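*Asks:* As you go down the protein sequences, you meet chains A and B in turn. If you want the working numbering, it's the 1-based position in the first sequence plus 13. If you want the working numbering, it's the 1-based position in the second sequence plus 25.
The set of hints was computed from the structure by calculation and includes no laboratory data. Treat the hints with caution; some may be incorrect.
Derived list of chain B stretches under chain A, where covered just means 3 residues or more per stretch with a C-beta under 8 Å from a C-beta of chain A [what the hints assert, rightly or not]: (1) 385 to 396; (2) 407 to 413; (3) 595 to 607.
Simulated crosslink set (BS3-like; lysine-lysine; CA at most 30 Å straight-line) [said to hold, decoys possible]: (4) B:Lys546 x A:Lys79; (5) B:Lys546 x A:Lys103; (6) A:Lys20 x B:Lys292; (7) B:Lys406 x A:Lys103; (8) B:Lys223 x A:Lys20; (9) A:Lys41 x B:Lys406; (10) A:Lys20 x B:Lys438; (11) B:Lys223 x B:Lys406; (12) B:Lys546 x B:Lys292.
Treat the numbers as computed from the prediction; the structure is a model and nothing was measured. Don't be surprised by glycine CBs; every beta carbon is placed ideally from N, CA and C.
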Amino acid sequence: MNPRRRKLMLSVTFIVLGMGVATALALKAFQQNLLYFYSPAQVAAGEAPTTRPFRIGGLVVAGSVKRDVESLAVRFVLTDTLQEISVDYKGILPDLFREGQGIVANGRLRPDGTFEASEVLAKHDENYMPPEVADALTAAGVQLPYRAKNTAP
Amino acid sequence: MIPELGHFALIMALCMALVQAVFPLAGAARGSVAWMSLARPAARVQLVFLLIAFSALVHAFIVNDFSVAYVARNSNTMLPLIYRISAVWGAHEGSLLLWILILGLWTFAVTVFSRHLPEQFVARVLGVMGLVSIGFLLFILLTSNPFIRDAFPPPDGNDLNPLLQDLGLVIHPPMLYTGYVGFSVAFGFAIAALLGGKLDMAWARWSRPWTVMAWVFLTLGIALGSWWAYYELGWGGWWFWDPVENASFMPWLTGTALIHSLAATEKRGVFKNWTVLLAICAFSLSLLGTFLVRSGVLTSVHAFANDPARGVFILVLLGVVIGGSLALYAWRAPGTFISSSYGLFSREMFLLVNSTLLTVAMGTVLLGTIYPLIIETLGGKVSVGAPYFNSVFIPLMVPLVIVLGCGAWARWKSDAWDRQWQHLRFAVFGSLIIGVLLAAMLDGAGALRTALGVALASWIILSTGILFYTRTRSGPDLLTTLKTHPRSFYGMCLAHVGFAITIIGLVITSNYSTDLHKRMKPGARAELAGYTFELTDIHTITGPNYDATEAAIRVWRGGKIVTELHTQKRIYSVSDMPMTEAGIRPGLTRDLYVSLGEPLGNGEWSVRLYYKPFVRWLWLGALFMACGGVLAVSDRRYRQVRVQATDPQSVIDSGAAAKS
Numbered sequence: 014m015n016p017r018r019r020k021l022m023l024s025v026t027f028i029v030l031g032m033g034v035a036t037a038l039a040l041k042a043f044q045q046n047l048l049y050f051y052s053p054a055q056v057a058a059g060e061a062p063t064t065r066p067f068r069i070g071g072l073v074v075a076g077s078v079k080r081d082v083e084s085l086a087v088r089f090v091l092t093d094t095l096q097e098i099s100v101d102y103k104g105i106l107p108d109l110f111r112e113g114q115g116i117v118a119n120g121r122l123r124p125d126g127t128f129e130a131s132e133v134l135a136k137h138d139e140n141y142m143p144p145e146v147a148d149a150l151t152a153a154g155v156q157l158p159y160r161a162k163n164t165a166p
Numbered sequence: 026m027i028p029e030l031g032h033f034a035l036i037m038a039l040c041m042a043l044v045q046a047v048f049p050l051a052g053a054a055r056g057s058v059a060w061m062s063l064a065r066p067a068a069r070v071q072l073v074f075l076l077i078a079f080s081a082l083v084h085a086f087i088v089n090d091f092s093v094a095y096v097a098r099n100s101n102t103m104l105p106l107i108y109r110i111s112a113v114w115g116a117h118e119g120s121l122l123l124w125i126l127i128l129g130l131w132t133f134a135v136t137v138f139s140r141h142l143p144e145q146f147v148a149r150v151l152g153v154m155g156l157v158s159i160g161f162l163l164f165i166l167l168t169s170n171p172f173i174r175d176a177f178p179p180p181d182g183n184d185l186n187p188l189l190q191d192l193g194l195v196i197h198p199p200m201l202y203t204g205y206v207g208f209s210v211a212f213g214f215a216i217a218a219l220l221g222g223k224l225d226m227a228w229a230r231w232s233r234p235w236t237v238m239a240w241v242f243l244t245l246g247i248a249l250g251s252w253w254a255y256y257e258l259g260w261g262g263w264w265f266w267d268p269v270e271n272a273s274f275m276p277w278l279t280g281t282a283l284i285h286s287l288a289a290t291e292k293r294g295v296f297k298n299w300t301v302l303l304a305i306c307a308f309s310l311s312l313l314g315t316f317l318v319r320s321g322v323l324t325s326v327h328a329f330a331n332d333p334a335r336g337v338f339i340l341v342l343l344g345v346v347i348g349g350s351l352a353l354y355a356w357r358a359p360g361t362f363i364s365s366s367y368g369l370f371s372r373e374m375f376l377l378v379n380s381t382l383l384t385v386a387m388g389t390v391l392l393g394t395i396y397p398l399i400i401e402t403l404g405g406k407v408s409v410g411a412p413y414f415n416s417v418f419i420p421l422m423v424p425l426v427i428v429l430g431c432g433a434w435a436r437w438k439s440d441a442w443d444r445q446w447q448h449l450r451f452a453v454f455g456s457l458i459i460g461v462l463l464a465a466m467l468d469g470a471g472a473l474r475t476a477l478g479v480a481l482a483s484w485i486i487l488s489t490g491i492l493f494y495t496r497t498r499s500g501p502d503l504l505t506t507l508k509t510h511p512r513s514f515y516g517m518c519l520a521h522v523g524f525a526i527t528i529i530g531l532v533i534t535s536n537y538s539t540d541l542h543k544r545m546k547p548g549a550r551a552e553l554a555g556y557t558f559e560l561t562d563i564h565t566i567t568g569p570n571y572d573a574t575e576a577a578i579r580v581w582r583g584g585k586i587v588t589e590l591h592t593q594k595r596i597y598s599v600s601d602m603p604m605t606e607a608g609i610r611p612g613l614t615r616d617l618y619v620s621l622g623e624p625l626g627n628g629e630w631s632v633r634l635y636y637k638p639f640v641r642w643l644w645l646g647a648l649f650m651a652c653g654g655v656l657a658v659s660d661r662r663y664r665q666v667r668v669q670a671t672d673p674q675s676v677i678d679s680g681a682a683a684k685s
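Model the full assembly from the supplied sequences, consistent with the hints where possible.
*Replies:* What follows is the structure, encoded as structure tokens:
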């Protein structure tokens, strides 16, 4: 093999190898870290996984937020207007967490059917609704009035 | 009247952009000097019109002209003047106007600093930039006109999103955009070279300073964004692998690969195809970034628009730019991809490995960013979190850092292992010792990762130090020796050390930051990382456009007061939005960071306390990288090309350029 050919082979081998390793890493990380979204109705129907974490979203039911007196533990109920699910969280809720607000939580489903959230997300815009929540509500047949406000002319 | 003037100026700018694109490109193809010479004046007049349009919008914000719908949506009479001005680019339409203004400024800079280039080449560069300008002006005029009047103007405006009412937002977007748009110059040079069929060393030399400058702005823009998120979002995070951040990070990774590949093309005439492809990719990713952020496809803090028509327009624009330039590339790029003019163990090879790794890293970020979008169009819902990016991206950076140390050392063409080993062994042993010592001394879950990260950073610093030392020790005296080396050499050293500093900050703050979420009322104390935090007082205050609850937190260490921090929970009057203002005591080795949570009743509040070691090093490193870039651009070989006869170095360089 002449040096030129050899170099070409080596370069190609390196690039293919690099791509291969990166793809393998990516796919492995993908499998472990993809978070699927489920609405409360889907959870109630038993579609959500019980062994791995996932995302859940909906509206915070008015009057459902209960705080622990001693710690920062909090429990609230999420709804997509079809089904409800209790969510437990320990920590400080985001600025825009309010009753009636659409939020998304990451966490796991407990055997008793409640959701243990490791993270609660509410976006930084009062008109904004997480797209997953908006879709889940639309699927549940809810008219979304603020959509009009969201779509700037 | 003035908004209409702005609208009119935009239309005039579009006409000028048409002139700037059509005549010079046609002239370059036909060899008509008269047509080519239209490029510069057209570009300059276009800038004048863009300035008029932009000023008209700024004016509308300053005088609170709420008959302009965009102003009414994003400003308010209570907003302080500086935020009324920065509100111009606080949302979709205005930020696009800023984008196009910056494109005009870059184009103007090209018209000024291109006198030494062949007329035909400049005409093509300006023509291509004119085409980009046409695309964006049409986009603004057809889908996102900021000057549209509201028939029934409200008495007062909505508010600017409180998150954006901050000094960070005054400077972050212009900086980031200057970087994004700057890659259009590199793109213009690449397309011009392809059109002319002359991808040579001269082309690489010409486009190098422009590319580095764009990269400098992008580096600063990303660092500013990260810093802004850190102090403004109230929970001390500085990088989230948020799609919008990724959108700016992908052009940066490609741009970094590009500036390194350009170095090889300029010095040795290799990787021409690869370099030109990277230039096209860097600009395409900048456009993709604009598309991702502006179309509302990704809904996050940064997503201002929710109008699909705009998304379709940008998608088409993106398709034309990427498809068109890749087609041109396939048609005109020279055939040989790998040249045999360098050995396996040479600087060229290290640079090739480096840009491959950077491109692969970019690919993994791209995958994680658009995969959820692809799944969503297929009907599923999925999100890719930070763990994915961390577990894929970071392993790719390890070989990159190792190669960096060798590559900066290796000679062009071919080098010998033993020569390298002779010098670099000190760096190898030094960084190994530092790593082992740290691994032994540190405790906690992140000890090994921290030791590895700091060892890698030490490898960069030590190998750069040895390189610097061996290059500068020979010669009569230090000052004379220092002067014999080009500034680009010092720029490279500085930028590499900056990268090392960022790595150190990243690993230490990621592995050793501690935090505490606590219920507190006045008088309560909490311990964190050897500091005692005492909540001394909670009171209410009134700002210009908000009401706030402010907590004063005194920090003690060893019986002495370190500092007193103030953190606020603001409620903005117009939008009724809550916002947290963190209290931060910055330091070179640690930040103390507190932020107020929510009222829990009985005078109690939830409070977040953070101890963040070495977090400043993240941005300090970026600053070093940017300074290194500026230093490299100021190298005289980019400035003195015209006075070749008096400068022996440039005679040699231009001789080499002519040969290729």
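*Asks:* Which constraints among the numbered hints does this structure fail? Numbers only, ascending.
*Replies:* 11, 12
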